[in-house]
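Let the hints inform the model, and build the full structure from the sequences given.
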Amino acid sequence: MPQKEDSKSFKIILPPELSKYYEDKNKVLGSGGFAKVILAEHIATGQKVAIKVMNKNYLKKKDDLHRAYNEIYALKHLSHQHVCQLFEVFECEEFIYLVIEHCPGGELFDYIVTKKRLEEREARYLFSQILSAVAHFHKHGYAHRDLKPENMLLDDDKNIKIIDFGLSAKPENGLTSALRTRAGSVLYASPELISGEPYFGDKTDIWSLGVVLYALLCGFLPFDHESTVELYKKIKKGEFAKPPWLSPKSLSLLNGMLETDPKRRITIEKILSHPWMASSSICIPQETKITRNALNYRAVQLIAAYFKWSLVYAEKKL
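What the sequence shown shows, in full-length UniProt numbering, is residues 1 to 318, in sequence order.
Derived from the structure by calculation, the hints contain no laboratory data.
All of these numbers come straight from a predicted model, not from anything done at the bench.
Some hints could be false.
Derived CB-CB ranges, DEER-like [as the list claims (entries may be wrong)]: (1) P104 - K236: 37 to 43 Å; (2) E269 - P198: 40 to 46 Å; (3) T260 - E119: 24 to 30 Å; (4) T181 - L251: 28 to 34 Å; (5) D261 - E23: 50 to 56 Å; (6) T114 - T45: 43 to 49 Å.
C-beta: ideal position from N, C-alpha, C; glycine also.
Now the structure itself:
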């Protein structure tokens, strides 16, 4: 697996509007070129949360401020059990703060590195969760456009939570509309995307999912090279190593997802019904929508208990 890039850092001080509700635990969970994620605790409930802090000045310099608002909009509209939940948003002159679900299991990237490679049963279990979330995105007209193990976290129970929707796209006329903006990480990018051609967001997401599945099963990427020119050639050819431990069914699915012609690439519906997905008794998570803010609800529970109210009365009262 490739090394993750070093990131730009900046000092985080929670504004009073957040610090009166959340205690900074002085632990950095992750950082990137324009953002840092810190661990915090909701004071009223004791629930651990992550706070993603985005540097607006840096985003403006890169003409990328829209990415922050893009992520907020997507998270508000794509509630799903395998999407990292957004609890709260606060914006000031310099920063945007997103209070999100804390996923103590860390990145799927690091999990793969630790395990070397996953057994098929575990890979299938995790991949079914990823697939459930991506099918949900596509159903609601979104393409993620940056699917990779670094953007997939694990919760306490090692369940997937997808993050980082800054590059997501929701074409006005749906996913049948072609996109032209190049986005995402080259190692996970489809041939049509790196070629600079118009492309379809759902098709390029499926290619990225193929790369993720390959990484789960093999512990390394199907297309990798120090030279960007050579890497592009490998991606466009679509030829990848086939280690002997890959089963015929898994190889069949990978071939369908890593098909260089987007018109012939397998659809998400056919992935869900592919023999490899049904090779053993797994439960493919069904779509569920998170209808209320978990932190708010826990706060209501505590307040109701304190005043000896019923939950129904407490929710009406508050």
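Q | List of violated hint numbers, smallest to largest | A | Of the numbered hints given earlier, those the structure breaks are 2 and 6, listed in rising order.
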